[in-house]
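Asker: Place chain E on chain P using the hints.
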Amino acid sequence: MGLVDRGRMPAPLTKLFNMGRSYSMWVYQWGLACCAIEMGAAFGSPRYDVMRLGVIPLPASPRQADLVVVSGTVTDKMAPAVKRLYEQMPEPKYVISMGSCANCGGPYWDSYSVTKGVDQIIPVDVYVPGCPPRPEALLEGIVLLQQRIKNEDMAAKWRNEEFTTLQKTAALEKAKSQPAPEPIVVGGGPIE
Amino acid sequence: MTVLNERQQLSYIAAQAADARLNVELETEGMTLNIGPQHPATHGTLRIIARLDGEQVVWAEPVAGYMHRGYEKLTEVRTFPQVTALINRIDWLGSFANEVPFILAAEQLMEIEAPPRAQYIRTILFELSRIANVSLFLGDLGVQMGAITPVFMAFRDREYVLNLIEGATGGRFHPNFDRIGGLKDDLPKGWIAETKQVMKKLRTFCDEIEDLLFGNEIFQSRTRGVGIIPADVAKSYGMTGANLRASGVDWDLRRDQKNAMVWDQADFKVWTHPDGDSWARCWIRLQETREATKIVDQLIDNIPAGPVMTKVPRIIKVPAGEAWVSTENPLGEMGYYVVSKGDLGPFRVKIRSASFNNISITPWVLKGVYVPDIITILASLYFILGDIDR
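Sequence order for the protein chains is P and E.
The numbering of the first sequence is my numbering, which starts it at 14 and goes up by one.
The numbering of the second sequence is my numbering, which starts it at 5 and goes up by one.
Isolated chain P, as found in the complex (with noise of 0.2 Å):
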């Protein structure tokens, strides 16, 4: 692992590292309003069981979590717990943002006291719309989130940096090598 803390690490080592992760994560189940109750029957019924896609659904608390799906409404009482309840967790860390509610505000867009998006509070990864979502529409996000994991460049999160694909960080490697291609200007000569 040292090789992850000085930022540099290869991609082979990367994707298998990426590929463990994606499917052991602990999802910490932040249930605010109504959507927490489809985000219970996609984590805790038979008929959407959801351990079937690597996900551990039962964490004792965010600091165990790699995952929170805030699930519902965030009023503005509440952004204070949602912001302390993301700090707790330890990196790498994911959000799943679930239903209209917590995307943007949902129907209570007027509202004076809702919070229009978590995302003003804590970054998001994934956003499922609906109000609420179907289990099914929750599931797929788990599963895109899972992808998106395996495409990440792990070692770019480790230096803080915004979220690079693999395929990215091999783009600029590659550009990087290679020297750069004179710029064709029209009329010749370089611009003042």
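Hints were generated in silico from the structure; no laboratory data involved.
Incorrect hints may appear among the rest.
Distance windows between CB atoms, simulated [claimed, not checked]: (1) Gly174(E) with Pro59(P): 20 to 30 Å; (2) Ile222(E) with Gly67(P): 29 to 39 Å; (3) Val375(E) with Ala92(P): 22 to 32 Å; (4) Met64(P) with Ala324(E): 49 to 59 Å.
Note that beta-carbon positions come from the ideal geometry of N, C-alpha and C, so glycine has one too.
Answerer: Same frame as chain P, now just chain E:
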């Protein structure tokens, strides 16, 4: 009486002094326990501040408002049909039941009444949403006491009811099906036969839960005699619904009140329990689920033919006036006080929701209980955060 010599007296005094010192050293300090705002037992975001002395609660106070979404203010800037979509989300487990009192109030102001077929279908959907609500309570009850299995069974059988509601209304959770003057649509084909089958499954589910949970010795010892609420206290705090009936008060708006619904066409028993403890509240809800399946079974055979919608203008303007309508919702009495000034939307809507009053008894009932019993009592009081904070 033994006479103590001087030496014995001195040793007695020394022992007393040592005891006093020991008592000072062992004197316990109070502790403030903060339950929530995110805690699995609080069904969302209720926060309870409890002052503890050892293992006993000295003082407890609920802090509401973490889910306040401002419904009463939002209704003032919506039109009457739009309000229905909003108030679905107050009690999110039994959504259809939220729409009915508001629609009835609007109909009362407009002096129209839904056709009989619509009234029957309304009542059936109302009872289905009660089943969807209370069946989750029955499953959740086990989780609060460490039994994981009932919640899986509850989610399994709740899906059948949600499928029915989705089949009839198109919405799994928030139907938004009720219109001023009737319903949006008629029932789909084959719905009635399916409903009858599902009601049979639900009755089996109730039997299973009764065997698994209510017959469980641990469950009984955790709930019997815990959190007793006498009838007069329950009434003075404004408790309604199953919580009030569990205290022995025979009170049910479905039976006692006459409005444009057809509960009087069905024969059902209003269960009461004299004990008023946590067990009684849970047991009453179990019996209510059974009664609801029976009501659905009785009504579904007698749905009259005819339209599901009366003639209403395309743009609904409700005449000026005031109306108060309340119904017996899954959580208790839910009512709307609608004030209209003759505009497209209501001038003011006061929402009376059951959970707010049911939860306001917590400072009284939690005084002196042990910490694990807090969770049991909260679970048996059964509140929904959207219903408390609105």
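Asker: Work down the list of hints and note, for each, if the structure agrees.
Answerer: Each hint, compared with the structure:
no.: 1; hint: Gly174(E) with Pro59(P): 20 to 30 Å; verdict: holds (25 Å)
no.: 2; hint: Ile222(E) with Gly67(P): 29 to 39 Å; verdict: holds (33 Å)
no.: 3; hint: Val375(E) with Ala92(P): 22 to 32 Å; verdict: holds (29 Å)
no.: 4; hint: Met64(P) with Ala324(E): 49 to 59 Å; verdict: holds (57 Å)
Consistency note: the structure conflicts with none of the earlier hints.
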